[in-house]
Every structure is written in C-alpha cells, then in structure tokens.
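*Asks:* The primary structure of each chain is shown beneath.
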Amino acid sequence: MPVDIDAAVIANRRLSADYNVLSLAAPEIAATARPGQFVMIKTSGGQDPLLRRPFSIFEILRDSNGAPAGVSIFNKRVGAGTSLLSRVETGTRLPLLGPLGRPFEPVDSPAEAWMIAGGVGLAPFVTLAAALRDRGTKTTLYYGARRAEELYCVDLFEALGVTIVLSTEDGSLGTKGRITVPLGTALEQRPLGNPVKLFVCGPTPMMRACAQLAQVHGRACDVSLEQVMGCGLGGCYSCVVLARGADPSTGLGASGGKPHHTRTCIEGPVFDAQRVVWEAVAGH
Amino acid sequence: MDLSLQIGSLRLPNPLIAASGCFGYGVEYADIVDLSTLGGVAVKGLFLSEREGHPPPRIVETPSGMLNAIGLQGIGVHRFIAERLPELRERRAIVIVNICGTTLDEYVEVARILSDAEGVHALELNISCPNIKEGGITFGCSLPGTHAVVSAVRKVTALPVIPKLTPNVTDVASFARAAEEAGADAISLVNTFLAMAIDVHTRRPKLTNIVGGLSGPAIRPIAVRMVYECRRVVKIPIVGMGGIATADDVLEFMIAGANAVQVGTMNFVDPFIWAKLMDGIRAYMTTHAIARLQDIVGTVDTSAREKAWISS
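Just so you know, the protein sequences line up as chains A and B, in that order. Sequential numbering of the first sequence, starting at 1, is according to my numbering. Sequential numbering of the second sequence, starting at 1, is according to my numbering.
A couple of the hints might just be wrong.
Unchecked claim - Within a straight-line C-alpha distance of at most 20 Å, the following computed EDC-like cross-link-like pairs (lysine to aspartate or glutamate) qualify:
| no. | chain 1 | residue 1 | chain 2 | residue 2 |
| --- | --- | --- | --- | --- |
| 1 | A | Lys258 | B | Glu52 |
| 2 | A | Lys176 | A | Glu150 |
| 3 | A | Lys258 | B | Glu50 |
| 4 | B | Lys276 | B | Asp34 |
| 5 | B | Lys276 | B | Asp31 |
| 6 | B | Lys276 | A | Asp4 |
| 7 | B | Lys235 | B | Asp301 |
| 8 | A | Lys76 | A | Asp18 |
| 9 | B | Lys206 | A | Asp48 |
| 10 | B | Lys276 | B | Asp301 |
| 11 | A | Lys76 | A | Glu59 |
| 12 | B | Lys276 | A | Asp6 |
| 13 | A | Lys138 | A | Glu105 |
| 14 | A | Lys258 | B | Glu83 |
| 15 | A | Lys258 | A | Glu279 |
| 16 | B | Lys235 | B | Glu180 |
Unchecked claim - Pulled from the structure, derived: some chain A residues nowhere near chain B, Cβ distances all over 12 Å:
| no. | residue |
| --- | --- |
| 17 | Ser86 |
| 18 | Asp108 |
| 19 | Glu112 |
| 20 | Pro203 |
The hints are simulated quantities; they were obtained by calculation from the structure and are not laboratory data. Ideal Cβ positions, reconstructed from N, Cα and C, are used throughout, including at glycine.
Only chain A is shown next, with the shape it has when bound in the complex (with noise of 0.2 Å):
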C-alpha cells in the first residue's frame, strides 16, 4: 500500500550539467519497494508546477546496520517540474508518494537477465540488479548513449556483479551505434535452448526495436514504460497506453480482447512488450 512521506533530501549528488541523483528519506517506502516501481514527487512547495512527477525508484538506501533507510531518483532536467529537482538543495522536504506500481518479474537461473538502458532509461535497472544478484541469476546490462560522458553509474552496476556491454553512437566508448547492435548480436548467438529473459527502458523507438528483436528471437520481454501522468494511482486516467489483452494479475482489460487503452500507473509502468501496440505510443 503507497504511503506518502514529506521526505527530507539526504543528497542531491550532480552526475552533468543534465543529471542528478536525489536521495530521499523515507524508510517506509524503502522497506516494501519492489525493483520497477515508482514514486510520485512533488516538486515544489506551491500550486507551479501543480502535479506531481512520476520516477522509477533508482536506488534503495541503507542504513550502517543494512535497515531500509530511504530511495533515489536518477533525474534528467527537461522541464520546470525536473529542473526544480535538479537543483533541491539537501534538507528540503518533498512529498513523496509510493511505492506505485507493477513492479519487473525477475528470473532465475538457469535462465539469464538481460537489462536493456537507453538514456534517462537507466532509472529502474539498480534495483533489478539487486534483486537478481539475491536471486543468483546471471545479469548483463546493455546501456547506450550518445557518447561515453552521458553514459552514468555504469560502477553501481558493476559492484553488483553485473556484465556491461556499452554503446555509444559516436563510438566514443563501447560498440559504435544504438545498443540494439550488441544487442541483436546477442541474442543471435545465443542458443534457443538458454533462456534469458529482456528488461527495457529507455526511448520510445528503442524500446519498440527491442520488443520487435525479443520477438524475432522468441525472447520473453518486459518494458517500464514512461507516460504523463496525473496521479500516479489510477485515478486520472492520463497515462494510459493502447495495449492488448488484460492485465494478468488484475484481469482488466477491454472486453473482447480488443486493444485497450491501458493505465500505465496501476497496470504498468512494466508491461510485457507483446501486449504494447507500439505504433500507437507517443515517442520521446
């Protein structure tokens, strides 16, 4: 059950001009979060800007005796609403709504994770990491960036115990190119008979490359997917995206089977890929 925290920023730790870290004190939403899921924020103390925003959970903080202590955000400054946090000065209190969401359904071994980043994309991979690293199971992240200083917290990663494969499209660091390349190399030389299950999150038009290569090569597939949203809880119905079938777990859905158009807060952010009709997703 989401519960709302009037939560004190512990650091704002810079990574660029772009993007921060925010580490937020709240225990509570620390203590039941699972990897994939949000938080919604509120950015300001008064009415502008109005609604809160949504952010997958980066990190789970800890205390010295391993206690859930509070989450991170991996923020991107786009707006008014992510300009505003990337600039929090530590000790400012925000409204922190969650934990909200479907949360990843991770593997276990023998079967292999493969976590798929594009850009501000990266956002809920650390918590998945550190699910499959408790979990035993085999994990490599695929990250991509335009260039190699855009590529952040790669060592997060690797203190998991992660394999990283980059990419960066001017080939500054990595395979030259979208991470589809690597990628796509991947999965043709993996054997049919290894399972390995697909994480993604990043841009539109890369998650849709992703879904379509899970597809072609028979690949179980989970996306998080990034909307507007108003509310965070189902309330609004802002956030929704055109998707087939009904939600597993709750059995909403369309009657008749028909494309539906489906919230992203309570039956996403994580959808499995075949279910978006892709061409209907607004691309950012």
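Fit chain B to the known structure of chain A by using the hints.
*Replies:* Then chain B, alone, in the frame of chain A:
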C-alpha cells in the same frame, strides 16, 4: 458538530465529494481512503457502452492547473454494475454515478439501468464535458437542451438527479434555473473551462485532442463567482467545485452558496487530502462556534459593498 446535508432524498454525512473523472471508479482509492468517510464518491462518467477515450497525451500542466482531454474513457454502465459497484457497496461508499449520453435516449437508458442497481445513491448528469463532440455538452450549452435531458431523466428515476453544469456559457445562472425548473434535486458546477496549450517549438497543440478542459486552483475564483451567481437564482442544493485545495477553499465555496463541494484535481496532487480538509472544516466550526455547517451556506456578506454602491 453537524456536517451533514440533504440532496433530495439522500443524506450526505459531510460535504466532501470526490469529483467525477478524478477518482476513477472509487475502488482505485479504496486502500488509501476510507470511502465511507466521504460525503460521496462521484465515479467516472459512464455511457451505455465502453469507450476508449482519446489517444494520449491527455493532460498538460498549466500554471496552477491542468488541461485534460481524456475523452470519457469508461467501462460502460453494465460492466460498472458488475465489476465495480459490488466493492463500492462493500466499502459503504455513497455512490454518485456520473452519467453521459450521446443522445437523450442514452441518458434515459443509463439512468434507468442504474436506478435498478443496488448501491447507487444519486445520478450526476454530465451535460458539460468539453472533450467530446457528440451529445453531452450540446445539452449543457442550450437551455432547452438542459431542460429536456433533466426532465427526461427525472421521469425515469427516483434517485436524486444532479446535472453538472458547464462554465462555458455566458450566463451559468440561467442554466441553473433551467435545471431546477426541470426537476433537478441539486446542481453541480463547474465542469472544466475549455482551453488550449501550444508547444511553441513544434507549433503543435500539447493535447492530441487540440483543446481540453482547464481545472485546478487556476479556475477557483471563477468557479466561486459562478456558484455565487447560481445561489441567487435557485433554491436547490449546489455542489460547488473548481480547484479546491484547502479547507478554506471548501468554506469559500460554501459561503458563496454551495451546500457541498467536490474535489478533483487536488486529489491527484494529494490523495490524502480528505482528512486534511475535514480537520480544517472542524477547526473552523470550533473557532467560529458553528454547530451546523449548512448554516454558513450562501452567507457571503455583500452588504458593505451594496451600501457603498447606494451612497456613491
């Protein structure tokens, strides 16, 4: 301390109602809000059949407010009764169903079906959604249309009938009067203001539907004025809404003339708002020694202004 009020045959324990379109079907919030403590839950607008609504993006933030063009996505009245109403009954919610239609006959049919359903307490007639072309708003923007749909629904239901008025008319009070004359038990206002936002870089509208409805604190003073105008011409209860964020906002609407209020957009911002509003109302009643909250309805004191006007 008495916070209750009467709408037709329906007794509400307090004036705080969750606004239609802002609270799903109520069940989405049942784990975090005790639905039985609310004055009512106005569920998302229902047509006879399912509707998919508009493609996203469906909302855009604006200063102290937001535009929406959801397009009345909904599961239709039959699935609502089968799949959502049982839980609302179990949670002891006072259920106000917002009903829609593309034709007069559809309103009547939806009203008839809901009148036979156990656990529906009132009908709010959506004749004011700015986001769909057919039906709805065409009734709400015409005095004969408003009269016709209210009286037609009135004839087929014993439930309290609450037409929800649009602010996108020149004189909302005349629509309030038309609704009262047609037999409405109460009126609710305001629905959203038709509005638009444009991305200057792409020169495209920010909403797929091009235009949408503005809600939130940005509209509150206009909504208060409209409630005030309606109070002067109708005797039936008024359910006021428009950007209510605090207990003072609730009280402002009530003093302007609302018997109850709905909270919509600010529930998105703070889903735990209900207890805070209730605490604030109780504190106000204590401070001002008010035993019955309904005693403040329509008590705005304009006498000083009127005297000044006469003497000038």
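*Asks:* Holds or violated: lysine 235(B) and aspartate 301(B), Cα atoms, limit 20 Å.
*Replies:* Since the Cα atoms of lysine 235(B) and aspartate 301(B) sit roughly 18 Å apart, the hinted pair holds (cutoff 20 Å).
*Asks:* Can the restraint linking lysine 276(B) and aspartate 31(B) be considered satisfied, given a maximum Cα separation of 20 Å?
*Replies:* This hinted pair holds, its Cα atoms lying about 17 Å apart.
*Asks:* Is the nearest CB of chain B more than 12 Å from the CB of glutamate 112(A)?
*Replies:* Since the minimum Cβ distance to chain B is about 34 Å, glutamate 112(A) lies beyond 12 Å and the statement holds.
*Asks:* Just to be careful, I want the Cα atoms of lysine 76(A) and aspartate 18(A) compared with a cutoff of 20 Å; is the pair within it?
*Replies:* 6 Å, holds
*Asks:* Given the hinted pair lysine 276(B) and aspartate 4(A), is their Cα-Cα distance within 20 Å?
*Replies:* 13 Å, holds
*Asks:* Are the Cα positions of lysine 276(B) and aspartate 301(B) separated by 20 Å at most?
*Replies:* Not satisfied, since the Cα-Cα distance of roughly 27 Å exceeds 20 Å.
*Asks:* Tell me if the straight-line CA distance from lysine 258(A) to glutamate 279(A) falls inside 20 Å.
*Replies:* Holds, because 15 Å separates the two Cα atoms, which is no more than 20 Å.
*Asks:* Quickly compare the C-alpha distance for lysine 76(A) and glutamate 59(A) to 20 Å and report which way the hint goes.
*Replies:* 16 Å, holds
*Asks:* Assess, step by step, whether the Cα of lysine 258(A) is no farther than 20 Å from the Cα of glutamate 52(B), and give holds or violated.
*Replies:* 10 Å, holds
*Asks:* Taking the minimum C-beta separation from aspartate 108(A) to chain B, is that value above 12 Å?
*Replies:* 30 Å, holds
*Asks:* Taken at face value, is the distance from the CA of glutamate 150(A) to the CA of lysine 176(A) at most 20 Å?
*Replies:* Distance ~14 Å between lysine 176(A) and glutamate 150(A) Cα, so the pair holds.
*Asks:* If you draw a straight line from the CA of lysine 258(A) to the CA of glutamate 83(B), is it 20 Å or shorter?
*Replies:* This hinted pair holds, its Cα atoms lying about 18 Å apart.
The earlier numbered hint that this structure contradicts is number 10, and it is the only one.
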